[in-house]
Amino acid sequence: MKTLKGIGGSKGYAAGTAILKRGQAKPEKYAVTDGAAEEARFRKAQDVCEARFAELEERAVRDIGPDEAEIFGAYRMILRDDAFFKKAIDRSKSDSVNIEYAIYEECRGVMGMFEAMDDPYLKERAADIENVCNEVILCLSGGGSDFAIEAGSVSDVIVVAEDLTPAETVKMDKSRIRGFVTEKGGITSHTVILAKALGIPAIIGAEGIMGELSGKERLILDAYEGTVGINPDDAAFADFMKTCDKDKELQLQYGLSAGQPANTIDGFHIDVLVNTGDADSIKAFDAGKCDGIGLLRTEFIYMGRSDYPDENAQYEAYSDIARRASGKEVIIRTLDIGGDKQLGYMDIPKENNPFLGYRAIRLCLDRPEVFHTQLRAILRASSCGNVKVMFPMIVTLEELRSAKECVEKAKRSLRADGLPFNENIAVGIMVETPAAALLADLLAKEADFFSIGSNDLIQYVTATDRMNDRVQYLYDSCNLSVLRAIRMVAQSAVREGIPWGICGEVASDERLLPVWIALGVSELSIVQSQVGKIKHLIGRLSKAGLAPEIERMYALGSIEEVKAFLDGMLLELREAR
Amino acid sequence: MFTDNATIKNQTGLHARPAAQLVALCKKFASNIEIAEASGKKFDPKSIISVLSAGITQGTDVTITAEGSDENDAVVQIVAFINDLSE
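Residue numbers (the working numbering), protein chains in the order written: chain D, 1336 to 1912; chain W, 18 to 104.
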């Protein structure tokens, strides 16, 4: 079996028959004498395409969703670009060539302008323009290949193409498609978006696949790894189908788990929330598929602007999210910015060592008016849902006290203005510095909750820049000092009776999950795609059963031993499935 | 003829929605409109393809020129539109 490697754009396994979708060839060129007749042909084709796009838009709304359908609105705008098509008509007249060839040439000229740009977003728009021109040319030349005919009576179709356009994908009979493989396309391409929306695996960037196939080959797709197997023998195929079935069952269970409360076998409850803070993931946030937002990064509100966002703009953003969480927790982290992320209007001096510099709570306490505006907006949003506030980068008790005093001051000013807010809003801190971990016993007496920011904690505890490749080997979530620091924080929180959570990458690390459970974690905040899986795993573990095991792990003397120990536990858990 | 300057401030530049909105706005005017970058490169703001292929990014200074019956209105509204862009 020959195997090709690409990138898994939409995860999953699929098996089926390869149906090739070949790109469009250059249109035929021939001489014309009647330029006006060519223009008339174009106008007719323009109308036909317009109607076709409208129909595809309707189908896309019905079959896929309004977001994917939006592209056809953009197509219609391109189709009605008179300035562009006038150039093609003029070229057809002046050169006495057929209109489809003239459009092809004009389109190539425009594509040349896009080639110099390296912005992935603009590359996608160039593809839109090319797609529209191709549709018009196809319509003018009367026909083109119909996907339904190529696929014939094949019931499990794997669509293989150089690239797929939205118009092509919408026209396909989705009930028979099991997977997509394309040579081109990025992880944000239409093929991937469509595949994700349909829940179909897709592999992109599988260079050379079109040359390997002639059509109707049997294919097996592993879109987790991004591999395409061509013509597997019966044994390999049977093996693959077994993996598929197991995965299908697991995915089904994960999907069900996401919306359910997560309790360990011995009844210990853990909230599994999501991290968010960019337009896409905020838009995608669904309170029905998690227990709320464990980390709302607020930097996005400050970016792409010429001045600080005002209170109302912030209030609108926070309150909208709070309402959408429908009563579930939303932890809003105050501004965490520093010299590594330059925002012109903030005028932060350049620093040699921004991660140890003027940033996060340090900057906010130094610029009280900026902090005051954000705190007022967060407090106001607390009247719209279960909002909590969290300070990043805390190092000393004094910082926590000053920040809490700022919250009190914001409360007083809101009372004076007669604006509603939650008087008892919970105020917590990120534990992401060694200083905060070492001081956790005292901080736990004055903070309402802890959230361990593991990404920074690992970096600071191990003194390892996580962007520096040469020292990456030291940046390790199983580093003993890191694990000890986390245990210290957990024990302090448990002693004072405050909730503690984790909001870094390690929160969704299967291997470390038993450690967090044994330490009595209250909240794990992770990416949405992992929620079902983590909740499912929690349901298969017992806190009381893990405690002595993890006690033994903490007695081990090297990172390698810890890893081997945890891997062993994970393997046992997997085999028990 | 009427001319004024503006700077593209939003992070993504003249992409997608802003580009489409700009074209829709410009098409409302009868005047001939032209937008030029500081480098002298020009594009036709009534053509979506022309706007997109200009690849205008954040921080670009542009000069808007209109000529026709509603030239003042056109330039004033386009400058206001560009100044309001934020994402």
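Read the hints as simulated data drawn from the structure, not as lab findings.
Please note: incorrect hints may appear among the correct ones.
In the DSS-like style, the derived pairs of lysine-lysine whose C-alpha atoms are separated by at most 27 Å in a straight line are [claimed, not checked]:
| id | chain 1 | residue 1 | chain 2 | residue 2 |
| --- | --- | --- | --- | --- |
| 1 | W | LYS58 | D | LYS1458 |
| 2 | D | LYS1422 | W | LYS26 |
| 3 | W | LYS59 | D | LYS1421 |
| 4 | W | LYS59 | D | LYS1458 |
| 5 | D | LYS1421 | W | LYS44 |
| 6 | W | LYS26 | D | LYS1583 |
| 7 | W | LYS58 | D | LYS1422 |
| 8 | D | LYS1422 | W | LYS45 |
| 9 | D | LYS1663 | D | LYS1618 |
| 10 | D | LYS1379 | D | LYS1506 |
| 11 | D | LYS1428 | D | LYS1458 |
| 12 | D | LYS1428 | W | LYS26 |
| 13 | W | LYS45 | D | LYS1379 |
| 14 | D | LYS1746 | D | LYS1663 |
| 15 | D | LYS1618 | D | LYS1676 |
Sample of chain W residues facing chain D (criterion: CB under 8 Å; computed from the structure) [unchecked claim]:
| id | residue |
| --- | --- |
| 16 | ASP21 |
| 17 | ILE25 |
| 18 | THR29 |
| 19 | GLN38 |
| 20 | SER56 |
| 21 | LYS58 |
| 22 | SER64 |
These figures come from a predicted structure and were not determined experimentally.
Cβ coordinates follow ideal geometry from the N, Cα and C atoms, glycine included.
We went through each hint and held it up to the structure:
1. W:LYS58 with D:LYS1458: Holds: LYS58 of chain W and LYS1458 of chain D sit about 20 Å apart, inside 27 Å.
2. D:LYS1422 with W:LYS26: This hinted pair is violated, its Cα atoms lying about 31 Å apart.
3. W:LYS59 with D:LYS1421: Within the cut-off at roughly 18 Å; holds.
4. W:LYS59 with D:LYS1458: 20 Å, holds
5. D:LYS1421 with W:LYS44: Since the Cα atoms of LYS1421 of chain D and LYS44 of chain W sit roughly 16 Å apart, the hinted pair holds (cutoff 27 Å).
6. W:LYS26 with D:LYS1583: 47 Å, violated
7. W:LYS58 with D:LYS1422: Between LYS58 of chain W and LYS1422 of chain D the Cα gap is close to 19 Å, so the pair holds against 27 Å.
8. D:LYS1422 with W:LYS45: Measuring from Cα to Cα gives roughly 21 Å; hence the hint holds.
9. D:LYS1663 with D:LYS1618: 17 Å, holds
10. D:LYS1379 with D:LYS1506: Holds, at about 22 Å.
11. D:LYS1428 with D:LYS1458: Violated, at about 31 Å.
12. D:LYS1428 with W:LYS26: This hinted pair is violated, its Cα atoms lying about 41 Å apart.
13. W:LYS45 with D:LYS1379: Satisfied, since the Cα-Cα distance of roughly 25 Å is no more than 27 Å.
14. D:LYS1746 with D:LYS1663: 23 Å, holds
15. D:LYS1618 with D:LYS1676: Holds - the C-alpha atoms of LYS1676 of chain D and LYS1618 of chain D are around 24 Å apart, at most 27 Å.
16. ASP21: Interface hint status for ASP21 of chain W: violated (18 Å vs cutoff 8 Å).
17. ILE25: Violated, because the Cβ-Cβ distance from ILE25 of chain W to chain D comes to roughly 11 Å (cut-off 8 Å).
18. THR29: Hint holds; THR29 of chain W Cβ to chain D Cβ min 7 Å, cut 8 Å.
19. GLN38: Where the cut-off is 8 Å and the nearest Cβ of chain D is about 11 Å from GLN38 of chain W, the hint is violated.
20. SER56: Violated. Min distance 13 Å.
21. LYS58: It is violated, given that the least Cβ distance between LYS58 of chain W and chain D is near 10 Å, above 8 Å.
22. SER64: 4 Å, holds
Hint compliance for this structure: hints 2, 6, 11, 12, 16, 17, 19, 20, 21 are not met, and every other hint is.
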